[in-house]
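Protein chains: 2
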Amino acid sequence: MKIAIYGYGNLGKGVECAAMHDDSVTITGVFTRRAPETVTTCGAPVYRADEIDRFQKEIDVVIICGGSATDLPQMTPALASRFSVVDSFDTHAKIPEHFAAVNAAAKAANTTALISAGWDPGMFSVLRVLSGAILPQGTDYTFWGRGVSQGHSDAIRRIEGVLDARQYTVPVENALTAVRMGENPTLTARQKHKRECYVVAKEGADKAEIERQIVTMPHYFADYDTTVTFISAEELKQNHGGMPHGGSVIRTGNTGTSGEHAHVIEYSLKLDSNPEFTASVLLAYAHAVCKMNARGDYGAKTVLHVSPADLSPLSEEELLAHYL
Amino acid sequence: MKIAIYGYGNLGKGVECAAMHDDSVTITGVFTRRAPETVTTCGAPVYRADEIDRFQKEIDVVIICGGSATDLPQMTPALASRFSVVDSFDTHAKIPEHFAAVNAAAKAANTTALISAGWDPGMFSVLRVLSGAILPQGTDYTFWGRGVSQGHSDAIRRIEGVLDARQYTVPVENALTAVRMGENPTLTARQKHKRECYVVAKEGADKAEIERQIVTMPHYFADYDTTVTFISAEELKQNHGGMPHGGSVIRTGNTGTSGEHAHVIEYSLKLDSNPEFTASVLLAYAHAVCKMNARGDYGAKTVLHVSPADLSPLSEEELLAHYL
Chain A
1 MKIAIYGYGN
11 LGKGVECAAM
21 HDDSVTITGV
31 FTRRAPETVT
41 TCGAPVYRAD
51 EIDRFQKEID
61 VVIICGGSAT
71 DLPQMTPALA
81 SRFSVVDSFD
91 THAKIPEHFA
101 AVNAAAKAAN
111 TTALISAGWD
121 PGMFSVLRVL
131 SGAILPQGTD
141 YTFWGRGVSQ
151 GHSDAIRRIE
161 GVLDARQYTV
171 PVENALTAVR
181 MGENPTLTAR
191 QKHKRECYVV
201 AKEGADKAEI
211 ERQIVTMPHY
221 FADYDTTVTF
231 ISAEELKQNH
241 GGMPHGGSVI
251 RTGNTGTSGE
261 HAHVIEYSLK
271 LDSNPEFTAS
281 VLLAYAHAVC
291 KMNARGDYGA
301 KTVLHVSPAD
311 LSPLSEEELL
321 AHYL
Chain B
1 MKIAIYGYGN
11 LGKGVECAAM
21 HDDSVTITGV
31 FTRRAPETVT
41 TCGAPVYRAD
51 EIDRFQKEID
61 VVIICGGSAT
71 DLPQMTPALA
81 SRFSVVDSFD
91 THAKIPEHFA
101 AVNAAAKAAN
111 TTALISAGWD
121 PGMFSVLRVL
131 SGAILPQGTD
141 YTFWGRGVSQ
151 GHSDAIRRIE
161 GVLDARQYTV
171 PVENALTAVR
181 MGENPTLTAR
191 QKHKRECYVV
201 AKEGADKAEI
211 ERQIVTMPHY
221 FADYDTTVTF
231 ISAEELKQNH
241 GGMPHGGSVI
251 RTGNTGTSGE
261 HAHVIEYSLK
271 LDSNPEFTAS
281 VLLAYAHAVC
291 KMNARGDYGA
301 KTVLHVSPAD
311 LSPLSEEELL
321 AHYL
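Chains A and B supply the protein sequences, listed in that same order.
The opening position of the first sequence corresponds to residue 1 in our numbering, with each subsequent residue numbered one higher.
The opening position of the second sequence corresponds to residue 1 in our numbering, with each subsequent residue numbered one higher.
With the rest of the complex left out, here is chain A:
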């Protein structure tokens, strides 16, 4: 499989790294909107984003590593009109709209375009749908963390007097335990997650005011128990430099004549590097996109449209003999 990496932030770097460990993948190039000479990769050649069309014969799938807010709504339909693609569009509320735009472009061009790959949306979506189909009488729970939320960290950084910040989303242990025991609790946002903020303040900044602005910030923090800890820039770098994340999708449900038997299905992830794991998911789905395109399955797809056999690099014979 010959891939292009379109965008080279944390996610693009993760895709390059995953592809380098996969013998069946060749990286045709990294395509960037920055000046190519300013971008240092782990070995992949770098080109200007607008050069991608001249590589059409050397690219099976473009893995689009742009942001969901402004990049992907433009990039994915545009690229899907010339290439099969995978993206990680994660604005849940706008997925139907994005799917429709990408589908029109891909259907017209006989390409296959898989959107919203990653782990949530992505693997968590797959597990929600599988578990819901198996236990129709039941309840879904999703817990995130312990992990760094980029969006919440950015929100803190925008406060006056803040130099840098990391926000950890942390599941409330009691709530997680109650769900795992099959107690089917009804949980508010505050009862499910708490938020831990590590903040580097500018010299002379009003720390009490920074803390007040964080814990009262609507949507981001006001509905949660939030702790704010001021630390030095060195401490932030040393102890909070990673991008760990994870979480659990849990379905509890009942069977039996009158629901007398309880069942718990849990899928959980513990990730040292959120962008590298997400990149690994994107690369796996790029393989599936190739197979689907080769058999004429065109248009927009999501992880919900891909069978495990299509995702796997193994042959039908190997799967039947060793993986069932």
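These are calculated hints, taken from the structure and not from any lab test.
Predicted model only: the values in this text are computed from it and were never measured.
Any given hint could turn out to be false.
[Unchecked claim] Calculated pairs, EDC-like style, for lysine to aspartate or glutamate (alpha carbon to alpha carbon, straight line, at most 16 angstroms):
#1 B:K2 x B:D22
#2 B:K94 x A:D22
#3 A:K94 x B:E316
#4 B:K94 x A:E318
#5 A:K13 x B:E316
#6 A:K94 x B:E318
#7 A:K94 x B:E317
Here the structure of chain A is known, so what remains is to put chain B in place on it, guided by the hints.
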């Protein structure tokens, strides 16, 4: 969806019960090799197994609830030559052979026949394949239990002097913890699972000899730390009457330039009733079989060939809007 339930043991009863809670399903009948008047269902009409052909127009899928050892290798290909079917064939080593026989019958008859549904093989297979595709540099672990193993319980019952028995397969907690911590241990059978046996002996039976025969039994017990506890028939009925089971499929793997980031993916099941959960999986895949057959996707299938969208009763629009 109109279903037939072919065979009416614990699994068949579980399918009937699951179908009664699913408004989109009608049970055309339970088909049995016993005398129909001796079989009491929860409401479904009962017919002789050899009467099934006259219901061809009233059956979309036959859910075959026979045993893997001798029933399914005959039943599934025979029924697949007249009906779309789902079975729970679980003799792992013989799956390729069974698949080939069923595939020939189903292809010739334009039916869709999904074999080896359940949780292992079944959901555990799905998770092994998904997780392996996402983390190609990694290791798989499967732990079963705590739960009742019918095969091991039966093996004990065949020993001279044994009236009844229940065997629990129990994961070794230390091993499970080490795997979850990403330590990638190499584990023998004994290091992964232990076996707890509860045995009702006949009056005057040689208990020491029964225990010796259990713990030295090749394949079943000799390779495990096995405990044998003799109890009364009343105690067995009261405390060990259920059929709980479960387990975990864990994939640990690494990403990064030199594998410096570790990740753990875990799928776990805690089931109050093994046959009722298995039955719920079979019924869910019966829905997928209907969809696949309707669009001309004929032949033998496994859970690895079914996309989450095909398994789900929800529409494309609902899935895109609420489940990604």
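### Task
Report the numbers of all earlier hints that the structure fails to satisfy, in ascending order.
2, 5
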